[in-house]
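Note that the protein sequences, when read in sequence, are chains A and B. For the first sequence, my numbering gives the first residue as 1, with consecutive numbering after it. For the second sequence, my numbering gives the first residue as 1, with consecutive numbering after it.
Honestly, the hints are just simulated from the structure, not real lab data. Honestly, I wouldn't trust all of these hints.
In silico contact screen, one side only, chain A against chain B (beta carbon under 8 Å); selected entries [said to hold, decoys possible]:
#1 Ile7
#2 Gly41
#3 Glu43
#4 Glu77
Using N, Cα and C, we set each Cβ at its ideal position, and we do this for glycine too.
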Amino acid sequence: MASVTFIEHNGTEYVVEAEIGKSLMQTALDNLVPGIDADCGGECSCATCHVMVDEAWLGKLTSLADSEDAMLDLNPERESNSRLSCQIAMTEELDGMVVRLPEFQF
Amino acid sequence: MGEYMPSLEMVNFRPEEVPLEDIDVSQRSLWVANRQQEFFSRLRDEAPVHFCKDSEFGPYWSVTRFADIMEVEANWQSFSSDPAITIVEPEEDFPLPMFIAMDPPKHDEQRKTVQGSVAPANLKNLEGTIRTRVQRVLDDLPTHEEFDWVDRVSIELTTQMLATLFDFPFEDRRMLTRWSDVATGGPETGVVESEEQRQEELLECLAYFTRLWEERAKQGLSNDLVSMLAHGEATQDMSPQEYLGNLILLIVGGNDTTRNSMTGGVLALNENPGEYAKLRNNPGIIPSMVSEIIRWQTPLAHMRRLATRDYQLGGQTINAGDKVIMWYLSGNRDERAIDRASEFIIDRDRVRTHLSFGFGVHRCMGNRLAEMQLKILWEEIQRRFHMVEVVGEPGRVPSNFVHGYTHLPTVLHPH
Numbered sequence: 001m002a003s004v005t006f007i008e009h010n011g012t013e014y015v016v017e018a019e020i021g022k023s024l025m026q027t028a029l030d031n032l033v034p035g036i037d038a039d040c041g042g043e044c045s046c047a048t049c050h051v052m053v054d055e056a057w058l059g060k061l062t063s064l065a066d067s068e069d070a071m072l073d074l075n076p077e078r079e080s081n082s083r084l085s086c087q088i089a090m091t092e093e094l095d096g097m098v099v100r101l102p103e104f105q106f
Numbered sequence: 001m002g003e004y005m006p007s008l009e010m011v012n013f014r015p016e017e018v019p020l021e022d023i024d025v026s027q028r029s030l031w032v033a034n035r036q037q038e039f040f041s042r043l044r045d046e047a048p049v050h051f052c053k054d055s056e057f058g059p060y061w062s063v064t065r066f067a068d069i070m071e072v073e074a075n076w077q078s079f080s081s082d083p084a085i086t087i088v089e090p091e092e093d094f095p096l097p098m099f100i101a102m103d104p105p106k107h108d109e110q111r112k113t114v115q116g117s118v119a120p121a122n123l124k125n126l127e128g129t130i131r132t133r134v135q136r137v138l139d140d141l142p143t144h145e146e147f148d149w150v151d152r153v154s155i156e157l158t159t160q161m162l163a164t165l166f167d168f169p170f171e172d173r174r175m176l177t178r179w180s181d182v183a184t185g186g187p188e189t190g191v192v193e194s195e196e197q198r199q200e201e202l203l204e205c206l207a208y209f210t211r212l213w214e215e216r217a218k219q220g221l222s223n224d225l226v227s228m229l230a231h232g233e234a235t236q237d238m239s240p241q242e243y244l245g246n247l248i249l250l251i252v253g254g255n256d257t258t259r260n261s262m263t264g265g266v267l268a269l270n271e272n273p274g275e276y277a278k279l280r281n282n283p284g285i286i287p288s289m290v291s292e293i294i295r296w297q298t299p300l301a302h303m304r305r306l307a308t309r310d311y312q313l314g315g316q317t318i319n320a321g322d323k324v325i326m327w328y329l330s331g332n333r334d335e336r337a338i339d340r341a342s343e344f345i346i347d348r349d350r351v352r353t354h355l356s357f358g359f360g361v362h363r364c365m366g367n368r369l370a371e372m373q374l375k376i377l378w379e380e381i382q383r384r385f386h387m388v389e390v391v392g393e394p395g396r397v398p399s400n401f402v403h404g405y406t407h408l409p410t411v412l413h414p415h
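Next up, chain B with everything else stripped away, as it sits in the complex (with noise of 0.2 Å):
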């Protein structure tokens, strides 16, 4: 792929310095430069379903207002998830199917069998788990010292919970790390060198994986995901590229996720402190913060759908084949559906109604463990700190799909 060079750059312009069908807010530098919901705003007013003509990613409509993203997010017969859920093309040469990329039935099929390890009922079982390792991981922390927030709790914490899911071993758990950093990212984010060191690392997951599916094949069946994907009856005779692509789903959304909400709400809290007051005077607020947090970060940013024919939307026709973009982090900012949207709120009504977690056959599956996972973190927080201080700026992600943050220096203010 060779080096897509715009003809405008979005970062050096306000929204409405740009006419309307050039705007392109899938450029990274604007991602980077936190300026994307600046251009959102005006597509949400100005053209609510917007065609970009031209992208890094091709053609594609943009979809920004709450209301239209579920009317989309409902018809799966119209918006098909395959081949690829994020703006990205999938690589030709390695494909990586997943069933987040499918549609009804298979995607069905292969969904229920790994459902089950983070439904409610089990997560009953990880809580003791959850809280005994947050405990430990928040009681090492310096106190009074600056130090890294996303690589000694966000990253820790989800990689840990990870682990723990796949029963991976645990010393070598930061590969999980790793990899999902490799999936998400490419030459042009800096992760890797090349597409092919990409792919090598990948294989290296799936080699990795492979032992340990062979190991639990020959055991019974138990809680874990690759034992749970080794035995089910729809996952068993898996290609090893499919095999790869669903781990790829179950380590990036167990891991981008949470991470960058736990990270995200810490900042959030800093540029609010009226609502760190809040929480500081009542910590059974907790449940509806962690919901207002993860409205408020949007981990994914986005999802992206293939229309199968062409389709009414806010008065724009999609056209069957077109690319189609839900950008859930505008719809989580739509005044339309959310009172004062632009504003982080804690104790708000309704706080549950949020795009973050998707809607419809393809909603999130680990919802429930993300939230509690949160909801522990910050009520041992409060039991330890007075205050989580933001003392410089976050390094963000460059990416117009996991909005999350490379680092985050704070300083612990303990009781």
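With the rest of the complex left out, here is chain A (with noise of 0.2 Å):
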């Protein structure tokens, strides 16, 4: 297991337990963190899953695909650290990471 803090746009903060493995969209859905639609299911298809992660992490990510890159783009609230979330899987390296979710979902 691997703590992550998610941070709403309000400022509310939630720290849960995210399951080594399992996508970091599965686990805020799981641990029903308001903010993220996942339309899609995880397919990395509609970017309604978008979080900003926290610099300090940002390096330790599998990098961008194309794909993400190009759903990311759709959405003009785009930041340097804007990922997916259903595309981050939890590892134990993760363990600590903090993600802000946007005021929005695209």
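Build the complex: two chains, separate frames, hints provided.
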């Protein structure tokens, strides 16, 4: 297990335990963290599981695939640390990770 | 184009009476009779990737299961949106390039130019305006007497919205409705007398919007779609046909879609009184209901792709050059992906998991605006009326693309 902190746009924090191997998107849904719609169910096809990853953890993630980049690019509110949480699989190394949720999902 | 005469009229048969290879779900008569779902159900079970060798629209593949549609949607490298996104072949002498019918990277560049106008951050600014207009439209409706919901509510509200997004002269707004109907219809659907008339009217649309373009190009960039196109790096040098193509995309995208979900919701609630009761008891259910209405209605029934390479799907080989139709209306009734898919359930689990907005790089850019318009409409309806009662049969658009209504007779019962 690894711990992840989700911070809503209004500042509310959710510290949850994440199963290793499970996606960050599914971790949020399983723990009833609000603000992740996940319309396509984790297929990297809708960009409604957008999160901003704290800079300290960004380098520990697998690099951005073209398909994820293309979906993120549709969102005018994309930030340099934007990722789709369905494309982040939890690892031991990510224990303690902090991600922020956007005000709106796209 | 000559009159196409099918060898078998689907509408005269039950699905099991037609040999599988002869099924043609594109026949308009099937859609007017609202019997297309029976045929989709058989295709999903027996031939989920199905080849129709001959139709009014030429040969085409039907993809009818949710998961297969997702696979096609995600793979734009193998399934191109160029040159058109509906089953109808584009007119060779009247091409209408638009970014929905392009692939990356050009698609992305043009889309990004206008995306911001309907992105969530800008919607906050529109919410108050939308609510005031909905209130005004609903307050002007007659009570206890019959009127057409499509004309007085659905068309009126979506057309007002569109006029705002374009900053289009408000008194001329019904021209937008007309151009939307002309763009998606043709002589065969009775909207115009001939293809010539259709093109003439679309050129009038172009002329009108060219005046707006010239006016906006001289001013600084503002937040309306015409200004964004006139100032956008990826769009400012478009040819007139490309400007017209993109205008039609935005007009149809913002008009035929939400219009028919506004009508479809009334119909679905009348057909499912138990669901209407749930809504009355709990207005907080509206956001969930809005997603269910959009799934249930599926206002655009399909999108078309062109296979650019040979591709194995569902045990079939789709060849490079083949026309592939993703039937969203069928995928949204697929029991393999959606529990009790044929039922209208306004508080269902995973209610947002539906195909109506498409997926992948062409996913509907106005999805959040559509949801907001429907949410506000139902909040204001519930404040005023015990019931919007359907008192006659709906008229259905004779199209396999726009899945919608020409009229719906209703009577309002205030609280």
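Each hint tested on the structure:
1. Annotation: interface hint on A/Ile7 violated; nearest CB of chain B at approximately 19 Å, more than 8 Å.
2. Interface restraint check for A/Gly41: the shortest CB-CB distance to chain B comes to about 6 Å, inside 8 Å, so the restraint holds.
3. Nearest Cβ of chain B to the Cβ of A/Glu43: about 6 Å, under the 8 Å cut. The hint holds.
4. For A/Glu77, the interface hint holds, since its Cβ comes within 8 Å of a Cβ in chain B; the closest pair sits about 6 Å apart.
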